[in-house]
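**Q** Read off the chains here:
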Amino acid sequence: MSLFMLKIFTPAYILLFQEVNDGRMALVWEKAKHPDLSKFLIIGALLFIIGVAGVLTRRNIIVIFMSIELILNAANLNFIAMSRYLQETGSVNAVAGQIFAVFVIVVAAAEAAIGLGIVIALYRNKETIWVDEIDILKW
Amino acid sequence: MVLSGWEAVFFWVFSIAAIFAGLLTVMARNTIHSALFLISSLVSVAALFILLHAEFLAGVQILVYVGGVMVLFLFVIMLVNVGEEESGREEIFNRPRQVTTSVIFCTLLVAGLIYALNVGYDGIQKRDAGTISQTGAARQTADQNLATSATGASKITKGTEWVGNGLYRFGALPFEVASVLLLVAIIGSVMLARTLKQEAAVDDVAPDVLQKEAINDPEIPKIQAAE
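Order-wise, the sequence lines are chains E and W.
Using our numbering, read the first sequence as starting at 1 and increasing by one per residue.
Using our numbering, read the second sequence as starting at 1 and increasing by one per residue.
Worth double-checking, as some hints may not be accurate.
Straight line, CA to CA, 30 Å or less: simulated BS3-like cross-link-like pairs of lysine-lysine [as the list claims (entries may be wrong)]: (1) 126/E <-> 158/W; (2) 126/W <-> 158/W; (3) 197/W <-> 212/W; (4) 33/E <-> 158/W; (5) 222/W <-> 212/W; (6) 212/W <-> 31/E; (7) 33/E <-> 222/W; (8) 222/W <-> 197/W; (9) 126/E <-> 222/W; (10) 138/E <-> 126/E; (11) 155/W <-> 33/E; (12) 126/W <-> 31/E; (13) 212/W <-> 138/E; (14) 126/E <-> 197/W.
Calculated from the structure, these hints are not laboratory results.
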């Protein structure tokens with residue numbers, strides 16, 4: 001049974017960690033025990049893609065806004081991971097990533113306030129929150 | 001930057017939690033559930049920030065996102081509550097063809113991104129290996145020289161001090177611009193969200209528009225009479 005599970009999950013590991021040349025689980029396990037910068041960046045990329053998929057597929061405008069928050073959050077994760085990496089190399093610009101993340105959070109808060117105001121105004125006029133029914137600009 | 005021991009365990013726990021909560025945010029039928037899953041995803045990402053030694057950003061993330069933005073989201077969900085979605089009568093995704101296309105392209109994008117990240121990370125690791133081993137010893141002594149906290153169990157890091165210094169030295173102008181942006185956001189959202197009745201009450205509507213609307217809404221003449 002465990003061999004069967006191994007056969008199923010090994011391709012997933014290969015896809016995730018690029019162990020194409022030596023598909024041995026031991027090396028993957030060794031890498032998984034010591035996650036480095038690239039793992040953080042991969043998590044950021046996955047969160048970003050989930051947000052993009054949410055924006056493209058959902059019909060509810062509020063969930064689309066939440067997916068945008070997810071995208072911005074993934075960008076923040078990338079900024080902070082790179083900032084930590086630059087701290088290790090002793091770069092003078094090491095804090096720039098964190099400062100940028102602060103501004104991303106500020107802009108996200110402003111965007112959420114304006115966007116939700118628009119949603120409320122839209123609901124008052126059109127009585128719908130489905131994006132495929134809000135098509136007054138389409139011709 | 002290589003995590004090991006319990007840090008690695010927490011990294012995997014919180015990153016898997018963040019990704020699953022993000023997936024459920026996109027896939028949940030009930031919008032309130034979506035918002036709650038987004039909150040748990042944001043909290044997991046805040047934990048990842050702590051693993052990256054960005055304690056200030058983790059606090060800001062919890063306070064601003066979870067405490068501010070998500071409460072706003074929950075209020076708006078309550079204001080524009082739609083029953084068809086929860087009872088399963090309405091389709092929550094776009095048409096199947098659109099969904100298939102976007103999922104295929106997202107899969108391609110994620111495969112390309114992961115490949116590019118691995119290749120690029122190998123590259124910068126090769127470039128920076130010398131510098132990291134040089135600064136490693138200096139960093140360790142600097143970490144040991146940090147002041148201990150009152151309980152003596154942990155040390156007081158300088159991360160927040162660095163962020164504050166950098167914000168006022170290099171980011172002073174964007175900081176001021178951000179305050180103007182927040183002011184614009186406050187005024188804009190109030191302007192967008194108020195009703196015609198509220199606008200009429202503060203005498204902010206042209207009289208002919210008001211007369212036209214008064215036919216539909218019996219409340220407006222009463223407000224005019226009160227003035």
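**Q** All the hints need checking, so say for each whether the structure fits it.
**A** Going down the list of hints, with the structure as the test:
1. 126/E <-> 158/W: Distance ~52 Å between residue 126/E and residue 158/W Cα, so the pair is violated.
2. 126/W <-> 158/W: Judged against 30 Å, a Cα distance of about 29 Å means the pair holds.
3. 197/W <-> 212/W: Distance ~13 Å between residue 197/W and residue 212/W Cα, so the pair holds.
4. 33/E <-> 158/W: OK: residue 33/E and residue 158/W at ~28 Å, within 30 Å.
5. 222/W <-> 212/W: Cα-Cα ~15 Å, so holds.
6. 212/W <-> 31/E: 70 Å, violated
7. 33/E <-> 222/W: With a Cα-Cα distance of about 71 Å, the restraint between residue 33/E and residue 222/W is violated, given a limit of 30 Å.
8. 222/W <-> 197/W: 10 Å, holds
9. 126/E <-> 222/W: 26 Å, holds
10. 138/E <-> 126/E: Roughly 15 Å separates the two Cα atoms, so the pair holds.
11. 155/W <-> 33/E: Holds, at about 25 Å.
12. 126/W <-> 31/E: 17 Å, holds
13. 212/W <-> 138/E: 27 Å, holds
14. 126/E <-> 197/W: 18 Å, holds
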